[in-house]
Amino acid sequence: GAVVSQHPSWVICKSGTSVKIECRSLDFQATTMFWYRQFPKQSLMLMATSNEGSKATYEQGVEKDKFLINHASLTLSTLTVTSAHPEDSSFYICSANGGVLSEQYFGPGTRLTVT
Amino acid sequence: SQQGEEDPQALSIQEGENATMNCSYKTSINNLQWYRQNSGRGLVHLILIRSNEREKHSGRLRVTLDTSKKSSSLLITASRAADTASYFCALNNAGNMLTFGGGTRLMVKP
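Those protein sequences? They're chains F and E, same order as listed. So in my numbering, spot 7 of the first sequence is number 906, and the numbers just go up one at a time. So in my numbering, spot 100 of the second sequence is number 81, and the numbers just go up one at a time.
Hints may be right or wrong, so weigh each one.
Computed far set for chain F versus chain E, every beta-carbon distance over 12 Å [stated by the list, open to error]: (1) I911; (2) S953; (3) K954; (4) E958; (5) E962; (6) S982; (7) V1013.
Have a look at the derived ranges for each label pair, beta carbon to beta carbon [stated by the list, open to error]: (8) E:N33 - F:S972: 29 to 39 Å; (9) F:H906 - E:G(-3): 36 to 46 Å; (10) E:S32 - F:C912: 35 to 45 Å.
I should point out that these hints are in silico values taken from the structure, not numbers from a laboratory. These numbers were taken from a predicted model, which means no experiment stands behind them. All residues carry an ideal CB built from backbone N, CA and C; glycine is no exception.
Here chain F stands alone, though its shape is the one from the complex (with noise of 0.2 Å):
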């Protein structure tokens, strides 16, 4: 199957820096690239969508000041947390697709600590 990477896997920051994640498809050309956040013990909640070459479409309560995403090449995507705060600590996930009709791969997750 499509394979979805992410990195780092995980990150440990200090409050006002920034940090930045990015989310590859491997073996796929990724139309449209998603991030989700995801709380312990919660479910994911979609904070955008980004299309290759497009501005991303973000979710409602999601800042996009906050989180820059950037989504330069078919294969490529970033989510950046600028100015960083403990709450902002989560775990965030990335899924590609190919394809309108094409499932959605997920990346294997960064957790973010903000200290």
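Given the coordinates of chain F, work out where chain E should sit on it, guided by the hints.
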């Protein structure tokens, strides 16, 4: 966005027993998917059932979909300790976007 509601939120059974999880939703869907997540790990896709399908099987998994009742169930037969995980239903109702249910935490005791 609408979210599926799953029940039970937590389920504890003995190895060998069957586990049933339910997902209910409110609007029309294109398809409904079930995922599994081990603690702190990524998602594993289990089964996709389309809106015009009523039942699908995959190994020990059986998924049903009742669009008139807007509900789906996931049955795991002859459970194993390794089935311990969280299980999520995800609704596809607009393009490629998925909306996840709250999840069921399954514990299978050896």
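Self-check item: H906 of chain F versus G(-3) of chain E beta-carbon gap, inside 36 to 46 Å or not
Solution: Since the Cβ atoms of H906 of chain F and G(-3) of chain E sit about 40 Å apart, the hinted range of 36 to 46 Å holds.
Check on V1013 of chain F being off the interface with chain E, judged by Cβ distance over 12 Å: Non-interface label stands for V1013 of chain F: nearest chain E Cβ at 17 Å, farther than 12 Å.
* Verdict on I911 of chain F as a residue remote from chain E, using beta-carbon distances over 12 Å -> With a cut-off of 12 Å, I911 of chain F remains clear of chain E, as the shortest Cβ separation is near 15 Å.
Practice prompt. Indicate whether the distance between the beta carbons of N33 of chain E and S972 of chain F respects the range 29 to 39 Å.
Written response: holds (36 Å)
Are all beta-carbon distances from E958 of chain F to chain E longer than 12 Å? violated (7 Å)
>> Quick check for students: does the CB of K954 of chain F sit more than 12 Å from each CB in chain E?
In response: The claim holds: K954 of chain F sits with its nearest Cβ about 16 Å from chain E, beyond 12 Å.
- [ ] Hey, is E962 of chain F genuinely clear of chain E, shortest beta carbon separation above 12 Å?
- [x] Holds: least Cβ distance 17 Å, greater than 12 Å.
Assessment of proposed distance window 35 to 45 Å (beta carbons of S32 of chain E, C912 of chain F):
Hint holds: Cβ distance 43 Å, inside 35 to 45 Å.
**Prompt:** So is S982 of chain F really clear of chain E, every C-beta pair being over 12 Å apart?
**Reply:** holds (26 Å)
Practice task
Measuring Cβ to Cβ, find out whether S953 of chain F lies farther than 12 Å from everything in chain E.
Solution key: holds (14 Å)
Consistency with the previously given hints fails for number 4 only.
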